[in-house]
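4 protein chains.
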Amino acid sequence: MQIGFIGLGQMGTGIAANLLKAGHEVTVFNRTRAKSDALASQGAKVAVTVGEACKGVAVFTMLADDRAVEGVAFEDGGIIESLPSHAIHISMSTISTALSKRLAEAHAEAGQRYIAAPVFGRPDAAQAAKLFVVAAGEPDAIEIVQPLFDAIGQRTFVISTQAEAANIVKLSGNFLIAAVIESLGEAMALVGKAGIDKHQYLEILTSTLFGAPVYKTYGNLIAEAKFSPAGFAAPLGLKDVRLALAAGEELRVPLPLASLLRDRFLTLLANGGDELDWSAVGGLAARDAGSS
Amino acid sequence: MQIGFIGLGQMGTGIAANLLKAGHEVTVFNRTRAKSDALASQGAKVAVTVGEACKGVAVFTMLADDRAVEGVAFEDGGIIESLPSHAIHISMSTISTALSKRLAEAHAEAGQRYIAAPVFGRPDAAQAAKLFVVAAGEPDAIEIVQPLFDAIGQRTFVISTQAEAANIVKLSGNFLIAAVIESLGEAMALVGKAGIDKHQYLEILTSTLFGAPVYKTYGNLIAEAKFSPAGFAAPLGLKDVRLALAAGEELRVPLPLASLLRDRFLTLLANGGDELDWSAVGGLAARDAGSS
Amino acid sequence: MQIGFIGLGQMGTGIAANLLKAGHEVTVFNRTRAKSDALASQGAKVAVTVGEACKGVAVFTMLADDRAVEGVAFEDGGIIESLPSHAIHISMSTISTALSKRLAEAHAEAGQRYIAAPVFGRPDAAQAAKLFVVAAGEPDAIEIVQPLFDAIGQRTFVISTQAEAANIVKLSGNFLIAAVIESLGEAMALVGKAGIDKHQYLEILTSTLFGAPVYKTYGNLIAEAKFSPAGFAAPLGLKDVRLALAAGEELRVPLPLASLLRDRFLTLLANGGDELDWSAVGGLAARDAGSS
Amino acid sequence: MQIGFIGLGQMGTGIAANLLKAGHEVTVFNRTRAKSDALASQGAKVAVTVGEACKGVAVFTMLADDRAVEGVAFEDGGIIESLPSHAIHISMSTISTALSKRLAEAHAEAGQRYIAAPVFGRPDAAQAAKLFVVAAGEPDAIEIVQPLFDAIGQRTFVISTQAEAANIVKLSGNFLIAAVIESLGEAMALVGKAGIDKHQYLEILTSTLFGAPVYKTYGNLIAEAKFSPAGFAAPLGLKDVRLALAAGEELRVPLPLASLLRDRFLTLLANGGDELDWSAVGGLAARDAGSS
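Line order of the protein sequences matches chains A, B, C and D. Under my numbering, the very last position in the first sequence is 334; numbers go up by exactly one each time. Under my numbering, the very last position in the second sequence is 334; numbers go up by exactly one each time. Under my numbering, the very last position in the third sequence is 334; numbers go up by exactly one each time. Under my numbering, the very last position in the fourth sequence is 334; numbers go up by exactly one each time.
Since the hints were made in silico from the structure, they are not lab data. Treat the hints loosely; a few may be bogus.
If chains are identical, the list can't say which one is meant, so a pair holds when it fits in one copy or spans any two.
[To be verified] No farther apart than 25 Å at their CA atoms in a straight line, the calculated lysine to aspartate or glutamate pairs in the DMTMM-like style are these:
1) LYS258 to GLU245
2) LYS240 to GLU185
3) LYS143 to ASP166
4) LYS143 to ASP107
5) LYS240 to GLU292
6) LYS87 to ASP118
Can you build the whole structure from these sequences, using the hints too?
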């Protein structure tokens, strides 16, 4: 399939490489050129403008936030202006439901199609084509691009004809991870101050009821207070919790635990946490307990 | 080994049966006699008083709450009065750290020994000898009763010489489960109001990062709003969160998520939730969102 | 002074009338014409376009929210386009700090001046020229319009050269009122369920430490659960708490009580509270307690 | 009237002195004798045992907490044992509703009478006979001791025949003060980080809607971060919030703002706040914001 790919961060690079491996004809675009060149050696064409990446059946975007996606979509010469009729914009970024809805409308008006398809998985999963894809949008559009999802992930969940539903699933998933971080942070602050070994405690948890990867990964980071280097930086964590709250506000769903998390992230960032991993939120309970 | 067992609820009955199966000589006591008789057919001796269950190497207590344990331990003719020198009280109930400490002191004064050994696992695990035992107390006392733990559980974690440490681990574990219930409740209120199918949502979660039993079990209950009959009743959930908060207060560890949970349990109980499963806390976010 | 006045709601109408009484030459503009006509009989000129209200030394805006202010300010033929050099835009609306900052910059670029001057006081105070004005911006601009403030209020507080500081003061003031509503709501839910008469309780409070108008006013509304008609509608309360949180997020100041209030407002709105007074938030604690 | 007075702290000393001035025959008791002697010079008889202070029509207790009151009431030779039939125990201490209920029952069984009569006002008000008395209990008992209340306060509010109702009013009043401290702490953290002068900000608040003593007093302490010496020490603040929460738990009234306050007090105490005034809770928002 002839496709475009915009946004070559850690995630995007891995995904685009797998699309190439699967035999698709991929034209890549990135604001900073160097990352495109790396993929050129794997067979990608390099676009100099956003428009050049919008010539095929579909174009992916995998960008940092609303502002970045808004930029490439709505600017002069952007995706909306450049994409052919009936072509499909596959938005993988973790963006707000509001922007996702706006994109769906704008593409519909322009005679194009829009799918929201955020993914679960970290850069290593992207590289290994082991992502989970959560897709929402017009069923026939999703059907067309299903081979692309197959090339990058281990499973695709199609959950709604409303594109923004996929974004809510992604945002609420990140909220659930942050909730695990907070709850572990509190539990460890308590047992730690009681003199219990945190690693043994974590072993008890993960051997019994909490045997999920999320407890192992974040439990270890919190037990060791090892919050640097950042796998997923704290400001991104704040962004996602904020977007979950915004989705809740639009739908009028109060989310008190998400509110607590938002305050935690702000506390973290106000105290020098910009460069830390978002799991550093799990260290704040110990700080409040005077233990760190 | 010659031992006593006090408290034949769902958990206690399963545990005592496994002790019998392993060949131990077990004298059981329960306030309501009928439950003792059931075990008699499996070889248990039936005690008519607490004191009669305190004649051996060790006596187990598996009771509902602080008040019940306080009763059998400190009353006239209770455990403290009846237990031989050097014999061991194994307290499996989910009680406060304050009472556990007080029991440790009282037994020490009386020349006896005390182990806190709460368990993780529900009645079916008790019956199947698949419990996880978290034990704390004097190491040599624990060594003596290790064969008893082997008879009832799949693994014993020895975590401290301070008995109350085991109670903190148990209480914080229940807090973590309640945190999962709350976070799932909020996430499902959000995706539900967005029109997403809750079961499909749960499948996405448990297929990806949240593959632990706790998410599957409670996720299903919340998705179906099936909070009755109670596996673990809401008032017990409130009790455990309250005890976790009390442990935090004593150690000066603020636990804001536990505070949120406490308010949730109170709301539930104030609105007719006495007979519901504690997972009904996971339905309150939907109620606040006007969805139920 | 020759001035314009845009936005003739309950507040704006009272303020504009007082400016006329003080002898100023006022050109009024309102999207719905009828309200302008009412002031015409008191001597106002009626503008048919925003631009016609921007011919004098200063133009006031007193509008519902960011969107409304953004509209009249930035649209074609709006204030930025129409206001003469050096003329002053006095923004009295309760808007976000972000918009206030943006307006300050846009006016500066256009060679105009911008003052943020939100007020404390309800419609009756506006009518009686008893408002409190909190002003921020260039000192010499404020000096020029001081006679206008004198005509509408009982006192002006000049607090900063940064316009958005005035908006923060206003937003945090409304946050403090909402905090009083919540705290009274919880206290009354408690004493009410204990069988204590709420009015007598309120009398005790206001006779002793809590003798401020805010306790009397809101205490009575909560004691009587009289939340309709709305003096200040719940959606506006949510808006102001949200803007306070947004200001906190920009400055990285976590505000947990404001987060709690935000969730309360959402709960209220999700359960049919759109038309209620914002004091209805004070009824939610009783609802959670199963008392209403 | 012949009366006893137990507990000569700052509050008790002032109250007892006013009872003497009004011509009553007062026998005082205090664990540390020196304070009794000071009152002897004003005409008090000094009791060497609790029982000696229980010979008259009524005996006051004004003690630090539940434990102290429980001690003098229930110990051998304590109030319950010593008080004549029909004599009245007037409990002014800020104690739990549970203990107040228990005292009411114990006195009734012993053929004595019990009134809960906590007061609002600080030591200077006690000295000036300007306290507010909130009384609950049997109406005829209250009538008998009304002249005593008149001698020590400016007004008595009789609110219920159930003694513990007076304790709930007192506890909820202290909760409301703590809520003011928290809300001002958050608001000042916000405006402070925005560069606004906190004293000017406070002047705006107290000149407009927040003209109550509680805002002036605590606003100044927070603006100056002057939390020492303690007028009312932080551990007492925690105690009162805990007792308000306990009352709420018994009545099943969730109090989320009180929960937030409890966590704040714990954070304060965990970080060296034992000797600080409870208004130091108002400094925590600034700490979380990285401003202090």
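Verification of the hints:
For the homomeric pair LYS258 and GLU245, the shortest alpha-carbon distances inside one copy (9 Å) and between copies (20 Å) are both at most 25 Å. Proximity of LYS240 to GLU185 under the C-alpha cut-off of 25 Å is restricted to the inter-copy arrangement: shortest distance 23 Å between copies versus 48 Å within a copy. Proximity of LYS143 to ASP166 under the C-alpha cut-off of 25 Å is found in neither arrangement, the shortest distances being 30 Å within a copy and 42 Å between copies. Taking CA atoms no more than 25 Å apart as the test, LYS143 paired with ASP107 passes in both settings, with 15 Å inside one copy and 23 Å between copies.
Taking the shortest Cα distances, LYS240 and GLU292 sit within 25 Å of each other only across copies (19 Å), while inside one copy they are farther apart (40 Å). Taking the shortest Cα distances, LYS87 and ASP118 sit within 25 Å of each other inside one copy (22 Å), while across copies they are farther apart (43 Å).
Checked against the numbered hints given earlier, this structure breaks only hint 3.
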